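Undergrad: Construct the complete structure from the given sequences, taking the supplied hints into account.
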Amino acid sequence: MLKVLIKKQIGEVFKGYFYNAKKNQMRSKFAVALWILFFVAIMVGVLGGMFGYLAFNLCESFLAAKVGWLYFMIMSSIAIVLGAFGSVFNTYSGLYLAKDNDLLLSMPIPVNSVIASRLLNVYLLGTMYAATAIIPAVIVYWYVAGITVARVICGILLFLIISMIVLLLSCILGWVVAKISLKLKNKSMVTVLTSLAFIGGYYFLYFKASDLIHNVVINAVVYGEKIKGVAYGLYLFGRIGEGNILATLGFFTAAVALTVLTWMVLARSFLKIATATGKTARVKYVAKSVKEKSIFGALLAKEFGKFTSSANYMLNCGLGVLVIPACGVLLLVKGKAFLPVLDRIWSGYQDAAVVLIITGLCTLTSMIITAVPSVSLEGKSLWILQSMPIEPKTVLRVKATMQFLLSGLPMLFSCVCALLVVKADMSVKTLLIAMPLLYAALAAVFNTMIGVKMPLLNWTNELAPIKQSGAVLLSMIIGWGSSVALFGLYMWQGYKIGAAAYLGIWMIVMAGVTIGIFRWLDTKGAKLFASL
Amino acid sequence: MLKIEHLTKCYGEKKAVDDLSIHIQKGEIYGFIGHNGAGKTTTLKSVVGIQQFDEGKITVCGESIVESPLSCKKKIAYIPDNPDLYEFMSGIKYLNFVADIFAMPRAQREERIKTYADLFEITDDLAQPISAYSHGMKQKLAIVSAWLHAPELIIMDEPFVGLDPKAAHLLKEMMRKHCDNGGAIFFSTHVLEVAEKLCDKVAIIKQGQLVKAGTMEEVKGDSSLEDVFLELEAE
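Chains A and B, in that order, give the protein sequences.
FYI, the working numbering numbers position 458 of the first sequence as 458, with every residue one higher than the one before it.
Residues are numbered in the working numbering as their position in the second sequence, beginning at 1, plus a constant of 1000.
Hints listed in this document are in silico derivations from the structure and should not be mistaken for laboratory results.
Computed from a prediction, not measured in an experiment: that's the story for all the values here.
A virtual CB, placed ideally from N, CA and C, is assigned to each residue, including glycine.
Wrong hints could be hidden among the right ones.
[Stated by the list, open to error] Derived lysine-lysine pairs resembling DSS-like cross-links, with alpha carbons at most 25 Å apart: (1) B:1166 / A:284; (2) B:1014 / A:380; (3) B:1074 / A:380; (4) A:284 / B:1093; (5) A:293 / B:1075; (6) A:288 / B:1114; (7) B:1075 / A:527; (8) A:393 / B:1075; (9) A:524 / B:1074; (10) A:393 / A:524; (11) B:1093 / A:380; (12) A:291 / B:1074; (13) B:1114 / A:284; (14) B:1075 / A:291; (15) B:1015 / A:380.
[As the list claims (entries may be wrong)] Chain B residues, not near chain A, derived (Cβ > 10 Å throughout): (16) 1018; (17) 1037; (18) 1135.
[As the list claims (entries may be wrong)] Computed list of chain A residues with no C-beta within reach of chain B, every gap over 12 Å: (19) 63; (20) 349; (21) 437.
TA: What follows is the structure in structure tokens.
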């Protein structure tokens, strides 16, 4: 029984490797092997390699300073954070709010078997993430400090202790996420904001990590003594990796005890959490007058409604909405300092910095691709638009308009920011505003065209059209490719005719292509949409 | 009101609908019966203009669904077999969306939303997201949205599935009233007892072909509709 449940759990987590959501069919054995190989390469090669490299950098310095325990404390912390955060959403969806809780609980399966299978799944995934950091750390230590029996035994036990701590933290964090999720009303917006906070935090740490590690390495002895003084437990924890049998046995016993406690708590509360309805307070409808909308307005409101209701949609197709104005502000703050530097570097290429800014803004516009999956996202609800008295061309125009509004308005703000710091002729300055806006319009109609030409309507998970479709990839490649071409061609030959003439030519070409695609959407595109 | 003439639709080699002709007059409730995969849904989808067909002609109030789709669709309301509505909208937003598309004035839409939502007892739930609705509630919302803009012709695919007995009874009353007021209804169903009691006319389709059509008396004679249907299926 337990084996069957575990197999089902693991199969669910790695479903993407065996099942093609886009084509709604199982993958071939060859494709499965390739996906697994790819996964192993990412985990061992990329993550393992990255932490192995970090371990090498830290280990020698810490050993030289005779604070090997600090090395293990840092690497263990990384492994625990990675394991716990890497699997927290899996814990949330797999342990507490699994979709098949009702089904399994209605079957003659002991509740303990359900918990055990779910817990083992959480344990394995958390351990997998943690292993990418702690295994390289232990191996590097053995390599640098030398292998002894005590170090091998303690190293293995350290790995097990960390895996148990990760399990405990995953359960606690998963429980917190599940509790919050049950109460939240605007889950999508909260998910987006949380994700943005994580992305922001990640980049902050990424840029600061080098300084931070450098600082710790230089002052290893001082920090080591401080930590030892205020948190002796952490010192003892670090000593496990060094081969301290006593510390190892102490922490191992504590970890096993905590795991047993976790099991007992879960066994008591699982049924209550798993069967909680989790509905937010029911809002009773109170009739109120609403303003009538035109068909175009109603469709546009519907598109924005869909966009703001899906965290996946916002994060994967609309992140540029925030990034573009942020870059505008950055340009405003730092522009006066770095633009003269660029002018000096490219002294032979007049206005190259302006062309670069325009290229940058166009590249950022390519991050907004809401129109690409918008046709596919109609999915099973496509019948609504098709059975109503709506011209298909209006539907496509609306989808293009939403993308244009999402990219054009932040773009306008950034263009104004750029204008304030750029020194150029009036003609070039005019193009600095016109060009990115026209690019946004072109991207909007082009992405709508791709969306209607490459629809994916039989998806079971909305991530398939949003993230995994060929249409999205094609849109991004063409978007970035055209941006690169804009700057590359200028630096190659364009500068000879001057920025104004060069950008003018681009404007004429882009306007022509935009009008061409717009007409296509109104005619052939509309027919195509009607026949979906 | 609705004329389907020699309708043929193929999926690859297979003829899903084969030379089907049905005429529906004003005031008629027309039932459409057939086994699973007989071609009912394909026919209904062709009528509302969301399915292209290979041969034949479909006209709504004299206008072709192919040549004047917008004009036809303004007169039609459609309820599919599975009410896949916009889950990200609340019930009231969806109804207002439909009202906007059909350019309904504010006072009229407010009055009709209240009337029909009250009838189906979903008024209190209109602020809830559709994703939180049960299948039956979604079906009720789809019915309210269909009646909202007072269409002349209502096309329904298995409309009673998921409805509680009270709502099913209400729907039957509304269907009768709609047709008594000059409208027409064309719907598919597997519930033969309902079809027998409710329909003025009925058509039985088998493997894409019309095997029997006419008034209820013409089709069933002295037998029950179930007997006639099973007899035809066995042939």
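Undergrad: Does each hint hold? Answer for all of them.
TA: Right, here's what the structure says about each hint:
1. B:1166 / A:284: 22 Å, holds
2. B:1014 / A:380: OK: residue 1014 of chain B and residue 380 of chain A at ~24 Å, within 25 Å.
3. B:1074 / A:380: 22 Å, holds
4. A:284 / B:1093: 14 Å, holds
5. A:293 / B:1075: 20 Å, holds
6. A:288 / B:1114: 11 Å, holds
7. B:1075 / A:527: This hinted pair holds, its Cα atoms lying about 22 Å apart.
8. A:393 / B:1075: 20 Å, holds
9. A:524 / B:1074: Given that 25 Å is the threshold and the Cα spacing comes to 23 Å, the pair holds.
10. A:393 / A:524: OK: residue 393 of chain A and residue 524 of chain A at ~9 Å, within 25 Å.
11. B:1093 / A:380: 19 Å, holds
12. A:291 / B:1074: 21 Å, holds
13. B:1114 / A:284: 14 Å, holds
14. B:1075 / A:291: 24 Å, holds
15. B:1015 / A:380: 24 Å, holds
16. 1018: 21 Å, holds
17. 1037: 18 Å, holds
18. 1135: 14 Å, holds
19. 63: 56 Å, holds
20. 349: 49 Å, holds
21. 437: Holds, because the least Cβ-Cβ distance between residue 437 of chain A and chain B comes to about 29 Å, which exceeds 12 Å.
Every hint, counting from the list given before, is met by this structure.
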